[in-house]
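Enquirer: So the sequences go chain by chain: X and P.
In terms of the working numbering, the first sequence opens at residue 1 and continues consecutively.
In terms of the working numbering, the second sequence opens at residue 1 and continues consecutively.
If you are wondering where the hints come from, they were derived from the structure by calculation, not from laboratory data.
Note that the structure is predicted; figures quoted are calculated from it, not measured.
There's no promise every hint is true.
With a Cα cut of at most 25 Å, we get these calculated SDA-like pairs of lysine to any residue [as the list claims (entries may be wrong)]:
(1) X:K89 with P:K241
(2) P:K524 with X:A112
(3) P:K600 with X:L62
(4) X:K63 with P:G607
(5) X:K65 with P:P609
(6) X:K66 with P:K610
(7) P:K241 with P:D311
(8) X:K63 with P:K140
(9) X:K63 with P:S191
(10) X:K66 with P:T627
(11) X:K89 with P:N608
(12) P:K507 with X:N210
(13) X:K63 with P:K610
(14) X:K63 with P:K233
(15) X:K89 with P:E603
(16) X:K89 with P:T627
(17) P:K140 with P:R526
(18) P:K207 with P:K241
(19) X:K63 with P:R583
(20) X:K65 with P:R583
(21) X:K66 with P:E603
(22) P:K610 with X:G118
(23) P:K610 with X:N311
(24) X:K63 with P:S218
(25) P:K600 with X:F303
(26) X:K89 with P:V602
(27) P:K600 with X:P60
(28) P:K610 with X:N210
(29) X:K63 with P:Q592
(30) P:K233 with P:S218
(31) P:K437 with P:Q53
(32) P:K610 with X:L62
(33) X:K65 with P:V602
(34) P:K610 with X:D92
(35) P:K610 with X:Y58
(36) P:K507 with X:N311
Label-pair restraints from in silico Cβ distances [as the list claims (entries may be wrong)]:
(37) X:D163 with P:K507: 49 to 55 Å
(38) P:A582 with X:T171: 45 to 51 Å
(39) P:R458 with X:A308: 57 to 63 Å
(40) X:L249 with P:Y400: 51 to 57 Å
Just so it is clear, CB atoms sit at the ideal spot from N, CA and C, and this is done for glycine as well.
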Amino acid sequence: MVEALKTAIAERLADLEMVIGWEMGFDALHATPLFIREEGDLHRLTLGPLAVHNLATYLPGLKGKKVGVVVKGCDSRSVIQLANEGLIKREDITVFGLCCDGVISHRKLREALPADLGFVEQATWHSDRLQAVVAGHAVEVRLQDILADKCISCRYPNALAADVLVGAARTPAPQPVPCQDAFDALPQAEKLAFWEATMARCIRCYACRNACPLCVCRDHCIATTRDPLWLGQENSPAENFMFQMIHVLHLAGRCTECGECERSCPVDIPLLLLRRSMNRVTEELFDYQAGTTPGQTPPLLTFQVEEARINERGW
Amino acid sequence: MRIGVFICHCGSNIAGTVDVRAVAQAAKGFADVVYASDTMYACSEPGQEGIIQAVREHNLDGVVVASCTPRMHEPTFRRTVERAGLNRYCFEMANIREHVSWIGKDTERNTIKATELVRMAVEKLRRNRPLTPKRFDVTKRVLVVGGGVAGIQAALDCAEGGQEVVLVEREQSIGGKMAKLDKTFPTIDCSSCVLGPKMVDVAQHPKITLHTMAEVESVSGYVGNFQVTIRKKARFVDWEKCTGCGLCMEKCPSRKAPDPFNEYLCTAPTINIPFPQAIPKKAAINPETCIMKQKGKCGLCAKICPVKCIDFDQQDELVTVDVGAIVVATGYDLFDWHKYPQYGQGRYPDVITSLQYERLLSASGPTGGHIKRPSDGKEPKTVVFIQCVGSRDRSVDRPYCSGFCCMYTAKQAILTKDHIPDSQSYVFYMDIRSPGKAYDEFTRRAMEEYGAQYVRGRVAMIYPKGDQLIVRGADTLAGTQVEVAADLVVLAVGVEAARGAAVLGEKLRVVPDQYGFFVESHPKLRPVETNTAGVFLAGACQGPKDIPASVAQGSAAAAKVLALLVKDQLESDPQVSRVTPARCVGCGKCVQTCPFGAIKLVEDRFGNPKAEVVETVCQGCGICTVTCPQGAIQLEHFTDNQILAEVQALCPPRIRVNYAS
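Next comes chain X alone, as it looks inside the complex:
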């Protein structure tokens, strides 16, 4: 698959300022974004379960430039959504789409290994198994055991609206994320107690915001302004939770569930719990999934006197 992708990129690279993909990172279990500017960079390109990053996040910052981007199914939704909101120009972007088998959760991997990730000496993938040597111990981990939650519930494994689609199309087999239903079933008070406890460890580093492909306010984020003063800089559970609630609501009808917020969180806050609930509501109310249909107007960017699925009178 990677060779086919390299050929496709090589064909188009001349017309593009750069193509964004992945290369191997600082160790055998981390990939890192790769900016391919010339053919000589191409050999570094890598794919597979370590290619966790949503590279569409770079696109709004490159608005106005001709750019290629390699995307998984989930990432392609971000591209579509950004284009639908006018935050990028679709015609400027060349989308190299992948048919994806899922990526790993480094958190789950960490738990599956006998020692910390830093002690990994070597790692090789054998189709759906990872064989690694960690602190002298040989271990084998199945991909399905360390698959990211978003991949378990993935409805779009094949990149949408791709200019070039690489690989054979996968059949989506979404499974419900177990933690989500269990959490949604909790009484309200317990949910609040959970968030109060969890938000206490948030350090307000804004990694979740910076990794989000749809957070485009850049230096003007409401979280760091005094006018309007929606929240202070105090690092308390209340203010932290307020920030997360604002983040979720700003993503209403926009979030493509790429999971970058949760992945980037250094203190392992399960932020997708909030996002999935929100997305479920927008799907119920507007029959809408962000970033699945090019050219579609997001429901909260239109004005209608009455929405078909919102009963505004009968109650």
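Could you slot chain P onto chain X? The hints should help.
Expert: Chain P in isolation, oriented as in the chain X frame:
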């Protein structure tokens, strides 16, 4: 800021269940409050003087009045603080009557709630800033939508008042429902004789431009400056040339066109003038039944027309007009009585609606004014009238009274006796509702002088027997069943909102109530205004109304229009959205969501896209402000910080870790 707080007793309305003195005392402790007192009636002359005096004595620069709903008296107090030398937006109102004293009886808790509302108002006021309205020019022209009697009256009064009028009517002729009526209650004068001259006046008035067979396509703009696009439907006749001679109607071989003017009792020629007094008296072709339009040959009308005005290729035409005000007078339509199984659902041709009966009575109707029943053309000797068909009936979601059916049924009973002296009328009714000058006397006459048999009760079923219809119902006064063998049954069908009212309402931003009638601004004090400035209501589009009430409303709406258009300039409300360009990232979400098209994207001097609000177009609805993720667009007088301050005043944060503690 130096804030003064005034707590109103409103007689005993507020003071009865709120300790106003305690509220005033508590207010003295709020931030920036330097003066607080209670007053018997804040809105009264001495009450307002007290506020002005306090402003001067205590050097106040902000005022909070805690009293009733701001809908009524906010303008009053804004004028008061302006008289005291303050900006009118350095004023806040706390509603401690509708929101507190009228809804709770517990004085202690009411006092707490009132205090909290005052605290919120103070916190908001501390963040208010003086605002100044802008002025803009007014287009001195009015659009009247609907050419029934209410619209005609509004158009004539506006035109007489010196304003240009554009009258838009969906049908081929103006006149509306009234033009279909034979006689009118309670005077039994000829409907077209009283309406006709008014219709002619409309046609001849130099200030009135009439568009019939036309509908409002779109409306943009705001009070004083509406842009309206009108779709004039293709009529396939050049009305500039047509003289209304009627030769084409006589010769047209296709005579099966539906005849809405005659309530579909008969058919009409495909090229037709609906009735002799039609305004404009011009022919139009129904393309559905026209042989030329359907099969491409015929063209008899074009051959016969002495002025050669037939144009089979005519297309819909869009006309754009600028107007300063709009009067909506779209009237009503009849309830679809076929929902009722007991009246045969249309199986019996001799069960007709009251409006069809009017056409049978009318000399210009299909029977030339002789009552002949539809099935066999026989003169009916026994006529049964059934009232409240689609009125006061929750089972069909029409719980309201249509208001005028009792009266026209009495009229029709009288006219039946006049037309056929040996006839007998029966009226099945629920209650007789005849408030109005000479109305009750009129219904009495129908019973006493014209011998109409009034039966109080509902009809359970109608079924045919021979060439008659058996009407079976209850007589609740006698406590018996009654059966009447009728030759003709007339249903007094109730009134509902005109078809298309909802679509038009959306274009005009006028809200319909749950039954589709347009909602007025205030049920008592602003009956012809809507909540959209510059849009007024007249006639039955606002609720069932008889002719005198519709005419009165037409005149009332005209008075409102004239009062508006007499001004050369209007003040725009400064409570509008404002963009902080430094914070705007130019994502354009506000532009997409604005229902008024008041926001556009412009480029700043570095070429970055930035949102910009057109202040006179912005209605201050605030949708953009909640859409803007970074809060770069704020509604003046209702900024995020003001609302947050109110929320904080009401519910201080529950969880808070403070490193200092």
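Enquirer: Evaluate each hint against the coordinates.
Expert: Verification of the supplied hints:
Note on X:K89 and P:K241: the hinted pairing is violated, with a Cα-Cα distance of about 54 Å set against a maximum of 25 Å. Of the supplied pair hints, the one linking P:K524 and X:A112 is violated, its CA atoms being roughly 74 Å apart against a limit of 25 Å. Simply put, P:K600 and X:L62 have alpha-carbon atoms about 24 Å apart, close enough for the 25 Å limit, and the pair holds. Simply put, X:K63 and P:G607 have alpha-carbon atoms about 14 Å apart, close enough for the 25 Å limit, and the pair holds.
Restraint check: the Cα-Cα separation between X:K65 and P:P609 comes to about 17 Å, which is no more than 25 Å; the hinted pair holds. The straight-line distance between the Cα atoms of X:K66 and P:K610 is roughly 23 Å, inside the 25 Å bound, and the hint therefore holds. Of the pairs offered as hints, the one joining P:K241 and P:D311 holds, with about 11 Å between alpha carbons and a cut-off of 25 Å not exceeded. Between X:K63 and P:K140 the CA atoms are separated by roughly 47 Å; this puts the pair beyond 25 Å, and the hint is violated.
Between X:K63 and P:S191 the CA atoms are separated by roughly 69 Å; this puts the pair beyond 25 Å, and the hint is violated. Proximity of X:K66 to P:T627 is assessed by CA-CA distance (about 29 Å); at most 25 Å being required, the pair is judged violated. A distance of roughly 15 Å separates the Cα atoms of X:K89 and P:N608; the hinted pair therefore holds under the 25 Å criterion. Between P:K507 and X:N210 the CA atoms are separated by roughly 42 Å; this puts the pair beyond 25 Å, and the hint is violated.
Among the hinted pairs, X:K63 with P:K610 is consistent with the structure: their alpha-carbon atoms are about 16 Å apart, no more than 25 Å. The suggested pairing of X:K63 with P:K233 is violated, with an alpha-carbon distance near 47 Å, which exceeds 25 Å. Pair hint X:K89 plus P:E603 holds up; C-alpha atoms about 18 Å apart against a cutoff of 25 Å. The straight-line distance between the Cα atoms of X:K89 and P:T627 is roughly 21 Å, inside the 25 Å bound, and the hint therefore holds.
Simply put, P:K140 and P:R526 have alpha-carbon atoms about 22 Å apart, close enough for the 25 Å limit, and the pair holds. Distance hint between P:K207 and P:K241 is fulfilled; the C-alpha atoms sit about 21 Å from each other, no more than 25 Å. At roughly 19 Å between alpha-carbon atoms, X:K63 and P:R583 fall within 25 Å of each other, so this suggested pair holds. Using a Cα cut-off of 25 Å, the hinted pair X:K65 and P:R583 holds, with the two alpha carbons roughly 24 Å apart.
Taking the CA atoms of X:K66 and P:E603, the gap is about 22 Å. The hint holds against a cut of 25 Å. For the given pair, P:K610 sits about 47 Å from X:G118 by alpha-carbon distance, which is inconsistent with the 25 Å threshold. For the hint linking P:K610 to X:N311, the alpha-carbon distance of about 35 Å lies beyond 25 Å, and the restraint is violated. Simply put, X:K63 and P:S218 have alpha-carbon atoms about 36 Å apart, too far for the 25 Å limit, and the pair is violated.
Pair hint P:K600 plus X:F303 holds up; C-alpha atoms about 16 Å apart against a cutoff of 25 Å. Using a Cα cut-off of 25 Å, the hinted pair X:K89 and P:V602 holds, with the two alpha carbons roughly 18 Å apart. For the hint linking P:K600 to X:P60, the alpha-carbon distance of about 21 Å falls within 25 Å, and the restraint holds. Distance check on the hinted pair: P:K610 and X:N210 sit about 23 Å apart at the alpha-carbon level, within 25 Å; holds.
Between the alpha carbons of X:K63 and P:Q592 the distance comes to roughly 20 Å, so the proposed pair stays at or under 25 Å and holds. Only pairs whose Cα atoms come within 25 Å are accepted, and P:K233 paired with P:S218 is accepted, the gap being roughly 15 Å. Using a Cα cut-off of 25 Å, the hinted pair P:K437 and P:Q53 is violated, with the two alpha carbons roughly 50 Å apart. A hinted pair counts as satisfied when its Cα atoms are at most 25 Å apart, and P:K610 with X:L62 qualifies at roughly 18 Å.
Restraint check for X:K65 and P:V602: the C-alpha separation of about 21 Å stays at or below 25 Å, so the hint holds. At roughly 22 Å between alpha-carbon atoms, P:K610 and X:D92 fall within 25 Å of each other, so this suggested pair holds. The suggested pairing of P:K610 with X:Y58 holds, with an alpha-carbon distance near 22 Å, which does not exceed 25 Å. This hinted pair checks out: P:K507 and X:N311 have alpha carbons roughly 21 Å apart, not beyond 25 Å.
Range check, X:D163 to P:K507: about 41 Å between beta-carbon atoms, so the 49 to 55 Å window is missed. Here the CB-CB span from P:A582 to X:T171 is close to 50 Å, well matched to the stated 45 to 51 Å. Judged by the Cβ atoms, the range 57 to 63 Å given for P:R458 and X:A308 is violated: they are separated by roughly 37 Å. Under the hint 51 to 57 Å, the C-beta atoms of X:L249 and P:Y400, about 41 Å apart, miss the expected range.
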